[in-house]
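Chain residues, written in single-letter form:
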Amino acid sequence: MTAKLSLRMVRKRFDDHEVCKGIDLDVAEGEMVCLIGASGSGKSTLLRCMNLLEPIDDGEIWLDGKDISEPGLDPQPVRQQIGIVFQSYNLFPHMTAAENVMLAPRRVHGLSREDLRPKVTQLFTRFGLGDRMEHYPDQLSGGQQQRVAIIRALAMEPQIMLFDEITSALDPELVGEVLDVLRDLRKQGMTMVLATHEMGFARELANKVCFLDAGRILEQGPPEVLFSQPREPRTKAFLSRVL
Amino acid sequence: MKLIAGPALALLFSTTSVLAAGDGTCAKGKTLTEGNLTIATGNPAYYPWVMNDAPESGEGFEAAVAYAIAEKMGFGQDNVTWVRTSFDEAIQPGAKNFDFNMQQYSITPEREEMVDFSLPYYTSAMAVLTTQNVVDAGAEATLDGLKDLKWGAVATTTAIPMLKDVIQPSSEPLLYNDNADVNAAIMAGQIDAAIYDLPTALYLSAVVVENGALLGQFPAGQSESPDQFGVLMEDGNALKECVNAAITELTESGELAAIETQWLSEATGVPVIE
Amino acid sequence: MEETSLQKDSVEHSAATPTRREVYEAEVRRRSNRIALISVVSVTLAIFVLVPLAPGWEAVQRSFFNGRVFAETFPGLLEAFLMNVMIFAWSAPLIAITGLVIALCRDTRAPALFPLRLFGIAYTDIFRGLPVVLVIYIIGFGVPGLGLPRPWNSPYIWGTLALVLVYSAYVAEVIRSGIDSIHQSQRSAAASLGLSDQDTMRYVVLPQAIRNVVPANMNLFIALQKDVALLSFIGPVEIFRQAGVYKSLYANFTPYVGAALIFLALTIPATRYADYLMNKQNRART
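Residue numbers (the working numbering), protein chains in the order written: chain E, 10 to 252; chain R, -17 to 256; chain X, 1063 to 1348.
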């Protein structure tokens, strides 16, 4: 198995509602995969299943050739390897930006603030937030908060990054600065899976685009193919609405 | 003079007595309900002041005195009604539901500013209630010996000035709502001793407090301002002169002393604290 | 016609003179101020003129608002109030700690800790369901009655325990509501970073939860300050008991009024402050 992350027949239901109805997906090392589809098509849930925030009901998830979806397995080491960024940032409001970023490395890896300071400063500087480290989340704009959230996930040095519609809650003029961060990560060769509505962005950078519809991957392929010659009528309908 | 004065006084006396006992003219129009005397006692009323918490029986010192006063004022046994009040109800401003109130109220000048008291009907010694364990541990009935005990008392009694001024204990006394709570504290060992009027202390040590003992008494005569019990009335109550006349009569005829002997006779024989 | 010309006038001068709306609002403000003033004055008059006209007023005044008794007893009441402050001072931290522990017990999810959770539930149910004074009586007289030697049978110890038991149950519930108020997404964010459940609770959930419930807890501690007086039932002579002693000595209720004033001097500013915090928090949320 060559894929970094593989999903096999993944099923997830909430009460009576099956959100993922048997999903197969392969993400190769260094690849960027975009999940597109209408709200409620299961994109977010699928991402949350990938780093075990939601336990799956059936199927398998393989990371580096190891089945991480085995029921009863400790999810914490997996989550350290697969970072996730949420639509609503979910920063810890009672901590400064820097503290938000350092908490997990301190507690999980046992590093001190002093150990972390140079690396964290470098991350903040790299994403244009060098002067915002000591600000609290409510003193930052949405775009800045989302960048801090990305830095927070990156500070754990994950092998894969998941992004759950991270620009959807932003004012249009702030979307660009966050997408720039993703471009930067792409350039660095980070393995990424995005749920997104930014079709232009997906077209520009994704290796693979998957169209989700009612809990299934209806169609997937390279962006130039999927966006210009969709096979399925539902894909066509969706794309004609959003493009 | 004497010859004249004697019979004159006797005459005067018998007149009041006739007035009071005969038709109750003194009390006429001064009671809550005409022809009826309403007397208040505690809830519950304690031995030996009222036996079995039943003042209607006339048994117990205060119950007996109450009926004697009533009789002198011209109220027969059937014309006496009993009600119950707390201390606070007795002193609160506004209309009262009793003509007079008897529950070992000590007469003090401060209290007299707010309510009216009759002449005293009993002069009480104060006594120290404790347990046999404390006595065995070497507690002595001397003022010096008492200082180091842990003291308690009922907060609404004149035992508190007594404690503060006479005994002056070395640690702050603990104060309680009523006899029952003081006894609970004694039995829990939280306090060594408590101050009560002598008859109450006798009763508690004999009946209520497990292993109870009386360490000694402060005789009434020894104190500069002995603890005297009076009948409590609303300030300015017109009935006061009638009650006083009745009590004077009972005192001078020796009836009061007889009642005291009948109900409080055990109070003698308790060692005196020097 | 006149009105329109007036309006035009004010529109023309709008840079310097008030707008129509401002004129209207100023008039409304003036009118409500007038009404408020009149109503305050008439209520005050009613209280200070009519109440003393009541037939029993003189007696009430002598019993409850007696200047001489007040002057003679107030210093003693203040001194006794130190006892309340002391009992409060050592109870409050114990209550805060116990309340937090109980709240955490109720929040445990591990099956092995289920007995702890059950204990937390039983604890809060029982002690919130009992009148404080009852717990004080039962524990204050009951436990020492088992035959503990002095000083371990002190009413201060067991009375304090009673206060801690009852109030920590309330504090636990308040903290738990604070924990519940932290959005699930905060736990998700912490979990996604690989933080353990304990670390998530300690570093992410609790700090926010406790901050959210500071005003509610302040109200509880104001109530505690008042309930400290209940310890007097088992012996300690604090301000309420001292007032009772004075009441008995003077056959007068004025000492209670004095005690009430002392309580108010402390609790009114504290209550105002709690309300201020609460409003600030509500504004921050919206």
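Treat the hints with caution; some may be incorrect.
On the chain X side, residues computed to face chain R include the following (Cβ under 7 Å) [as the list claims (entries may be wrong)]:
1) Thr1106
2) Val1122
3) Pro1217
4) Asn1279
5) Gly1297
6) Gly1306
7) Val1307
8) Asn1341
9) Asn1344
Label-pair restraints from in silico Cβ distances [as the list claims (entries may be wrong)]:
10) X:Val1113 to R:Asp130: 49 to 55 Å
11) X:Leu1115 to R:Thr7: 49 to 55 Å
12) R:Val189 to X:Arg1171: 42 to 48 Å
So, partial list: chain R residues that the calculated Cβ filter (under 8 Å) puts toward chain X [as the list claims (entries may be wrong)]:
13) Ile89
14) Arg93
15) Val97
16) Ala137
17) Thr139
18) Ile142
19) Val148
20) Ser152
21) Tyr158
22) Asn159
23) Gly171
24) Tyr185
25) Ala188
Rather than coming from a laboratory, the hints here were simulated on the basis of the structure.
Built from N, CA and C at the ideal position, the CB exists for glycine as well.
Hint by hint, here is what the structure shows:
1. Thr1106: With Cβ-Cβ at 23 Å, over 7 Å, it is violated.
2. Val1122: holds, 5 Å
3. Pro1217: With a closest approach of 6 Å, the Pro1217 (chain X) hint holds.
4. Asn1279: violated, 31 Å
5. Gly1297: Result: holds, 3 Å to nearest chain R Cβ.
6. Gly1306: holds, 5 Å
7. Val1307: holds, 5 Å
8. Asn1341: Violated, because the Cβ-Cβ distance from Asn1341 (chain X) to chain R comes to roughly 40 Å (cut-off 7 Å).
9. Asn1344: violated, 43 Å
10. X:Val1113 to R:Asp130: 49 to 55 Å: holds, 51 Å
11. X:Leu1115 to R:Thr7: 49 to 55 Å: violated, 36 Å
12. R:Val189 to X:Arg1171: 42 to 48 Å: violated, 57 Å
13. Ile89: violated, 11 Å
14. Arg93: holds, 4 Å
15. Val97: Holds: closest Cβ of chain X sits about 5 Å from Val97 (chain R), inside 8 Å.
16. Ala137: holds, 5 Å
17. Thr139: holds, 7 Å
18. Ile142: Result: holds, 6 Å to nearest chain X Cβ.
19. Val148: It is violated, given that the least Cβ distance between Val148 (chain R) and chain X is near 15 Å, above 8 Å.
20. Ser152: Because about 14 Å separates Ser152 (chain R) from the closest Cβ in chain X, which is outside the 8 Å limit, the hint is violated.
21. Tyr158: Result: holds, 6 Å to nearest chain X Cβ.
22. Asn159: holds, 6 Å
23. Gly171: holds, 5 Å
24. Tyr185: violated, 21 Å
25. Ala188: This interface hint is violated because 21 Å lies over the 8 Å limit.
Violated hints, listed in ascending order, are 1, 4, 8, 9, 11, 12, 13, 19, 20, 24 and 25; each of the other numbered hints is respected by the structure.
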